[in-house]
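Got two chains here, each in a separate frame; can you build the complex from them with the hints?
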Amino acid sequence: MAEGAFPEPSRRGFLNWFLGTAAGAFVLSVLYPVSRYLVPPEVTESTAGTVTLAIKPEEVKPNSGQIFKFGSRPGILVRTSQGELRAFTAVCTHLNCTVQYRPDLQHIWCACHNGHFDLNGRNIEGPPPRPLDAFVVNARGNQIIVSKGA
Amino acid sequence: MPGEEERHGRLWTWLDQRVGLAEIEYLARKKEIPIHRHTAWYYLGGMTLFLFLAQIGTGILLLFYYRPSAEEAFESIQFLMAEVEFGWLIRSIHSWAANLMVFTLFLHLGSVLLLKAYRPPREVTWVSGVLLMGLAMGFGFTGYLLPWNELAYFATKVGSEITGAVPVAGGFLRRLLRGGDEVTGATLTRFYGIHVAVLPAITGMVLGLHLYLVQRHGMSVPLAVERSGEPRRMMRFMPNFLLRDLVGWLSALAILAALAAFLPAELGRKADPFLPAPIGIKPEWYFMFMFQTLKYLPAHILGIEGEVVGILGFGLGGLFLLLVPFLDRRAARGERSLLFTWIGLGIIVYMIVLTYLGYTASATK
Numbered sequence: 001m002a003e004g005a006f007p008e009p010s011r012r013g014f015l016n017w018f019l020g021t022a023a024g025a026f027v028l029s030v031l032y033p034v035s036r037y038l039v040p041p042e043v044t045e046s047t048a049g050t051v052t053l054a055i056k057p058e059e060v061k062p063n064s065g066q067i068f069k070f071g072s073r074p075g076i077l078v079r080t081s082q083g084e085l086r087a088f089t090a091v092c093t094h095l096n097c098t099v100q101y102r103p104d105l106q107h108i109w110c111a112c113h114n115g116h117f118d119l120n121g122r123n124i125e126g127p128p129p130r131p132l133d134a135f136v137v138n139a140r141g142n143q144i145i146v147s148k149g150a
Numbered sequence: 001m002p003g004e005e006e007r008h009g010r011l012w013t014w015l016d017q018r019v020g021l022a023e024i025e026y027l028a029r030k031k032e033i034p035i036h037r038h039t040a041w042y043y044l045g046g047m048t049l050f051l052f053l054a055q056i057g058t059g060i061l062l063l064f065y066y067r068p069s070a071e072e073a074f075e076s077i078q079f080l081m082a083e084v085e086f087g088w089l090i091r092s093i094h095s096w097a098a099n100l101m102v103f104t105l106f107l108h109l110g111s112v113l114l115l116k117a118y119r120p121p122r123e124v125t126w127v128s129g130v131l132l133m134g135l136a137m138g139f140g141f142t143g144y145l146l147p148w149n150e151l152a153y154f155a156t157k158v159g160s161e162i163t164g165a166v167p168v169a170g171g172f173l174r175r176l177l178r179g180g181d182e183v184t185g186a187t188l189t190r191f192y193g194i195h196v197a198v199l200p201a202i203t204g205m206v207l208g209l210h211l212y213l214v215q216r217h218g219m220s221v222p223l224a225v226e227r228s229g230e231p232r233r234m235m236r237f238m239p240n241f242l243l244r245d246l247v248g249w250l251s252a253l254a255i256l257a258a259l260a261a262f263l264p265a266e267l268g269r270k271a272d273p274f275l276p277a278p279i280g281i282k283p284e285w286y287f288m289f290m291f292q293t294l295k296y297l298p299a300h301i302l303g304i305e306g307e308v309v310g311i312l313g314f315g316l317g318g319l320f321l322l323l324v325p326f327l328d329r330r331a332a333r334g335e336r337s338l339l340f341t342w343i344g345l346g347i348i349v350y351m352i353v354l355t356y357l358g359y360t361a362s363a364t365k
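In order, the protein sequences belong to chains A and B.
Residue 1 is where the first sequence starts when you use the numbering used here, and the numbers rise one by one after that.
Residue 1 is where the second sequence starts when you use the numbering used here, and the numbers rise one by one after that.
Extracted from the complex, chain B is given alone in its bound form (with noise of 0.2 Å):
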């Protein structure tokens, strides 16, 4: 083609030859997306995707100053939020970040889920999806105790506890995740290095596939949408909707940044192993609904301990979400599927309700 060469320039032309540019680039410009009523919920990935690249950026910052032992974890953080230049500001972003990244990546999730995109061919995106939800939880959890203060040790406690309560191979898999039988010094090295690198390294997996399939396969329109046959309208993805996707970054930045000035992450007081609990002591709040379930479980349900039967039907309700696509049959044959709009709403008021009553409801009872 005589026309690429002043189209794009040599450099351009020199890499594709090597790397094949041009294929990328009808990957990206192939895409449209298509514009309806529900067409804003098309934002958060992208949102989720930038609070996690700043995720990346600011973690690898943190390692610089970070020491990853009981007797210096502590105080290595105190020396980057007092002595290091602007290092209150990195673990702020970090910190608040990993909230909001949480948050859209809920909404994303909900969106998705409510708007049945799982249909065929979109079921490997909705499995890794709901994979990378769990990856991001492991990180949040692994990534609390790293600060090692009061609160975190405590939270720590609790939440590997939990795995104690598997049936069979709790014992096993508590001892797995602390290192030992306590949440001591070698938990908080194990927690790090889940954190920095083994939870890294597949998330950066699931996440290219996730991607990749989300660009080959564009965006779902859908079920509503596409059952009342209107004629479609679309916008094209390069760069028309990748601008508008660049707004909600910069929402997301300018949301980020004000949360981190106004309100810096707080360290709180170092990890005692020797003091009790403090009062109210609470996890992060995508943990809470959980937390507060097994709150209210009694101590027996049918001859099983309440907190095993509550696992239990926490972890039937992961792999229920991991198999959606599989089990609505309704909705991949494009029929209306309103059990699975209901299901999907229910989880969503379920974990408010729990939510919301896990931060009013008195914390001595």
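The shape of chain A in the complex, shown without the other chains (with noise of 0.2 Å):
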């Protein structure tokens, strides 16, 4: 029935052709826009390598770990039982929980996977497999300063 209907296969052959074509190419030029527009852009992380926090120094502590923002990120603000302040990403490094301080153990924790870090930021036990990074910390006066480590 197809090929009486169509005496001259070669312009419907060409037709079809063109069709196909076009509806592809529509089809792309749908399809690109929106699959670029799925993609997230870059989101700029905060450039800031300082950050004060709001809390003063006597508030912390011996033996005891807070969280505070750096940037959108958290960190990890401890004083050790010696009274020495240290700061960290409180950004687990094996998969991204926020860790916290166990003064029970006197270290790092992370309670998502029982991961320990030791209070140089050194994975010591369980899953993580690389160390927290350490910031510098500046108590000066009544501020607490935590920046990028060098």
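What the hints contain is simulated information worked out from the structure, not anything from laboratory work.
A few of these clues could be false.
[What the hints assert, rightly or not] Going by beta-carbon spacing under 7 Å, a handful of chain A positions derived as facing chain B:
{"#": "1", "residue": "P9"}
{"#": "2", "residue": "R11"}
{"#": "3", "residue": "G13"}
{"#": "4", "residue": "Y37"}
[Said to hold, decoys possible] Here are some of the chain B residues that sit facing chain A, going by a computed Cβ distance under 10 Å:
{"#": "5", "residue": "G57"}
{"#": "6", "residue": "L61"}
{"#": "7", "residue": "E83"}
{"#": "8", "residue": "E85"}
{"#": "9", "residue": "L250"}
As the structure is a computational prediction, the values presented were derived from the model and not from experiment.
Just so you know, even glycine gets a beta-carbon here, dropped at the ideal spot from N, CA and C.
Here's what the structure looks like:
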């Protein structure tokens, strides 16, 4: 039936090719912007290398730790039992959970998969593959200033 | 049937045995399009449908970046327009397709009204169509607020204030709509929910009914053509009319793409509830005739507030529109029905004139 209805197969073939190409071009011209749109743009990380915390040095008790904001990511401020202030990124190097200070163990611990870090940020037990990045902490008078290590 | 297998292939046969493709094919193929001097109006419904599909697609994409809160809505759209690749395009298409869709919807409804295509057995098709128009306006009203810019904020204040003029239940309805006494972040979240969940769900059902009925009844032949008694010429819906429909869709797409590229949607300034409304504030064009009518009404009519009279009037007008197939008894019997032609023309002229005045009359008077 198809043969008899179209006595000029070459013209039909051309039209089909033309329609197919046009349809393909249309689909591509929709898919390209949509696929690009779906990819989120890079959010510029806070370039500030220094953060002044909203807590005073005397408010951080020995053998305790707390989370602070360093740009868009959490950091952890720790005062050791000896009274020394230290700060690290609070993002576990295993699967990005936020770590916490365990006074009973006197070191940093990640609750998600039981990862342990010592007070130098080194991964000492559990799954974390790398140490936490350390920050430089300066307590000047009433302020605690945390900055990225040089 | 031995020929069936060859004609469609094995996948078709497999599916047919399970979901009944042959019945769908029958429904699609039995439909025929009457050819006469008013045939062009038959394309408008399909074009409205196409623009609605564009709204679904771009709307879903916008959800990926949009944040529905007073603190973040404006910024998330700013981010979308400035940072996201093709974000401006997706949003502009969503904004323009909304306007074009309401426009083609009005034309579609107007043509159906004047050609009296609501005659039996198509009353339910008409009622579902009028409901779809109401839903489209609901989409427009709720969607307008979502960018949380100055114009949207005040337009919503005015628009939701109007519900407060409804007798007895007004205050309650206004609170219900706003999610509180004022237009706040709660209103934004509420409108967002209505815009992306409530209205799409209802529209899906009503639109499904509408399209099913159109397919079931086929195209209505205008009364005048029917009465002239000429021999009727027909065109098959599949594929002849469908392909013409596609040309219409592509034309709409071309217009849409041109508008989105050359006149991208604007964002304006972030809404600030502690600033006065900007001078010359206007609603979207399809609400303009109502907005302008409310401006002209005196403060009191027969002891009732003018605003209340106006809103009652629009409510009755909408009810009248909904009931046209049941009121127009002459057309239902297949007789000429000049009265309803004049009423239809009257409504259309009224809307055009008031819209024109809305855009030309001085805003400060």
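Structure-based check of all given hints:
| no. | hint | in the structure |
| --- | --- | --- |
| 1 | P9 | violated (19 Å) |
| 2 | R11 | violated (17 Å) |
| 3 | G13 | violated (19 Å) |
| 4 | Y37 | holds (5 Å) |
| 5 | G57 | holds (8 Å) |
| 6 | L61 | holds (6 Å) |
| 7 | E83 | holds (4 Å) |
| 8 | E85 | holds (4 Å) |
| 9 | L250 | holds (8 Å) |
The structure fails hints 1, 2 and 3 (numbered hints given earlier, in ascending order).
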